[in-house]
Structure formats: C-alpha cells, structure tokens
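Enquirer: So the chains spell out like this:
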Amino acid sequence: MFELLPPLNDHNLPWMDTLHPIVVHFVIAMGLITFVFDCIGIFARKPALFEVSFWNLLFATAAIFVAIIFGQVEAGLANPYGASSDILNLHSTIGWSLAGILSAMSAWRYVIRSKDPKQLPLPFLGAGGLLSALIVVQVTLGNQLIWVYGLHTVKVVEAMRAGLV
Amino acid sequence: MGLHLMSIQFLPSESPIQQLAPELGSNGLPYSLPIHPNLVHFTIGLFVIAIAFDLAGALYPLEKRVFRFLALPVTRQGFHDVGWYNLLACCFITFFTVAAGFFEMLLAVPLPGVTSAIGLHSMETMLWHGVGGVVILLVIVAMTVWRGYQRFLWRKDMGRQVQWLYLLVGLAMFLIIGLHGTLGAELAAEFGVHIAADQLLAAGADLKVALP
Numbered sequence: 002m003f004e005l006l007p008p009l010n011d012h013n014l015p016w017m018d019t020l021h022p023i024v025v026h027f028v029i030a031m032g033l034i035t036f037v038f039d040c041i042g043i044f045a046r047k048p049a050l051f052e053v054s055f056w057n058l059l060f061a062t063a064a065i066f067v068a069i070i071f072g073q074v075e076a077g078l079a080n081p082y083g084a085s086s087d088i089l090n091l092h093s094t095i096g097w098s099l100a101g102i103l104s105a106m107s108a109w110r111y112v113i114r115s116k117d118p119k120q121l122p123l124p125f126l127g128a129g130g131l132l133s134a135l136i137v138v139q140v141t142l143g144n145q146l147i148w149v150y151g152l153h154t155v156k157v158v159e160a161m162r163a164g165l166v
Numbered sequence: 188m189g190l191h192l193m194s195i196q197f198l199p200s201e202s203p204i205q206q207l208a209p210e211l212g213s214n215g216l217p218y219s220l221p222i223h224p225n226l227v228h229f230t231i232g233l234f235v236i237a238i239a240f241d242l243a244g245a246l247y248p249l250e251k252r253v254f255r256f257l258a259l260p261v262t263r264q265g266f267h268d269v270g271w272y273n274l275l276a277c278c279f280i281t282f283f284t285v286a287a288g289f290f291e292m293l294l295a296v297p298l299p300g301v302t303s304a305i306g307l308h309s310m311e312t313m314l315w316h317g318v319g320g321v322v323i324l325l326v327i328v329a330m331t332v333w334r335g336y337q338r339f340l341w342r343k344d345m346g347r348q349v350q351w352l353y354l355l356v357g358l359a360m361f362l363i364i365g366l367h368g369t370l371g372a373e374l375a376a377e378f379g380v381h382i383a384a385d386q387l388l389a390a391g392a393d394l395k396v397a398l399p
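Protein chains in written order, with my numbering: chain A, 2 to 166; chain B, 188 to 399.
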C-alpha cells in the first residue's frame, strides 16, 4: 500500500518545496488588510473601502481551507522534534479555529453588506482587530517552525534521516 | 587572469560580518525571527489579488450571470476598487519588503558547498534575488502609476477600468514573482540562511541540546 505513495525528496516532501507557506500569503495578507481597510474606511470616511475589505475577507476565508489541506500534509511529513511538536500542535489548533472564525466573519460581513454596504458597525471592527491579533500569533508560531526549528529544510531533514535529531 | 588574481588579493582575510558577531543570535540576526519573509506575504498576496480582481472586472460581462445565480450582489466598480487599493497597499509595503531583505541579506551566511535545485550556488542565488527584488519593486511602482492613470484619467468613465496590456503585464509578473520567490525559498530551505537549526547543525551543534 505504501509503495503507491510518491517518493519523498530531500525536503521530505512529495513536491519540490513547501506549499503551505505560499498559500498562507493570501490568508495573512488578505486577513490583515481587511482590518486596515476597515479602519481607514471608518476613520477617514471612505465607505468605498468596505467593498474592498469584503472581497479580501472572502478571499482569506477561501484560502485558509487550501492552506489547511497543505498544512496538514506537510505537518504530517515534518517530523517535529523537541519543543517544535508542541508549537506545531498549537499552530494546527489555531489554524483550524481560524477557518471557523474567518467563515463566521465572512457570513456576518455578507449580512452587513446586504443591509447597507456603506456602513460598518463598530463590533465588526472590534472582531476584525481580534482576528488580526490571532493571525499575528499564528504567523509567529509558523515562523518558529521554519526559522528556529527548520522543519522541511534540507539540512534538518538530512540530520533527521541520520538520526541526529 | 591578472584581474582575477588581483581580486582575490583584495578579499578581506576575515568576513566583515565578524564585526557584528557579538550582537547576532544563532540565526545570524539581531532578533529571533526574520522580517523580510513576513513582509513578502503582503507584497505577493496584495499584488496577486489586485491583478486577479482587475481581471474579474475586465471579464465582468461574462461572469454577471454566475454572480446573479449565487445571489451575490457585485459591481464592476467594486472589483476595480479591489484592483486599485490592493495594488496601492502592495506598492507601499514593498519598499519595506525590499529594505528588510537587503538588511537581512547583508547578514546572511549561507551553508557552504550547497547547490540549489535549479543549479545555482548561494552567491548567485543572493545576487539574482537581490537585484530581482529591486527590479520587481520598480515594476510594481511603475504599474501603480500606470494603474492610477487608467483609473483617474484615461479610462475614468469606462466600465472596464484597465487596459488588456496592463492585465497581461500583471500575469507575466506572476511568473517572474513565482521564480523570484523560489530563489528566496531556496535561500532558506536549501542554503539555511537565517534558520537557527540549520546554522547550529552546520556549526556542529547537537540539536537535542541546542534546541530541546
């Protein structure tokens, strides 16, 4: 059965390079810019920006499910060591939670936009602020997995296969 | 030949990065997580979505029925607003992406003896990624100005706010940015630049002790 799976390369991946960090461009950038544009829209009275942040939020929500699919596959092949196992667990938990939160916020935003696209209630802005904070925490955890522990880097995979970590 | 010998004589016996060594952590930076790869999320995400939404605005007559079927009210102007404001934000943040990139590249110590998946050595990869980064910043600035002219002057009263050529240049940039990003990813995952675990392993450390 296992011989049906594609062979793993020197990144311990069935494809050239990690794909999760590429897909998360769209969750991070679109999620955070939604809050930025909402703030400018409210405080500089530019309601046209509410439409821009609505679409960015919708895109972040679509992208996070793709990010989770690749994230789960690549986490499964990561062989975390030391404290990185705990970080990876927390990163997975927050990742799935963010999918729920982003979906709920997209639905909420859809209703707000259907009622009056030129108005944004302050509670939504507050929720956007909390969402941004959670994204920042999530990004920091992901950063530690690659920049501290080097998961899926050639050097660490090499050491792992030699039984050094 | 003579020039080549001379240039070798001019190489400093000790790398200038040694002057900062006491300030730097095991990842080669004066802080624990690199900044450039995090700003890159914004440059790439905002650019790609900007072009994608201008494309959606340009092809609006074809999609109208789909959105009506989905009961999702959309306007062509709204799509082009995403195209404009996301590009504007991309243009602003990319100056910082490139600046952080150069700072962190000055402190880069790639693993020795590595050849990347596309057959380049570390110095070649850094030169292409550094020069390429400046060129991409220039193109993004030029495209933002171009986009502004289309939005506020040339195509102000038109439904389709962008020229087909603009969209074509944008799509070509997807390819160039994809290649450029691959070089950046290789600097990390293959050359171990600013990755604490890779640098510790290269220095002969035991990760079970160094990164428990």
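By construction, these hints were calculated from the structure, which means they are not laboratory data.
Ideal Cβ placement from N, Cα and C applies to all residues, glycine included.
Hints may be right or wrong, so weigh each one.
[Stated by the list, open to error] Examples of chain B residues lying across from chain A (beta carbon under 7 Å, computed):
(1) Pro209
(2) Glu377
(3) Ile382
(4) Ala383
(5) Ala392
(6) Val396
Enquirer: Does each hint fit the structure? Answer for all of them.
Expert: Right, here's what the structure says about each hint:
1. Pro209: Violated - the Cβ of B/Pro209 stays beyond 7 Å from chain A, reaching only about 20 Å at its closest.
2. Glu377: Holds - the Cβ of B/Glu377 comes within 7 Å of chain A, reaching about 5 Å at its closest.
3. Ile382: holds, 4 Å
4. Ala383: holds, 5 Å
5. Ala392: Nearest chain A Cβ about 10 Å off; hint violated.
6. Val396: violated, 10 Å
Comparing the model with each earlier hint shows violations of hints 1, 5 and 6; every other hint is respected.
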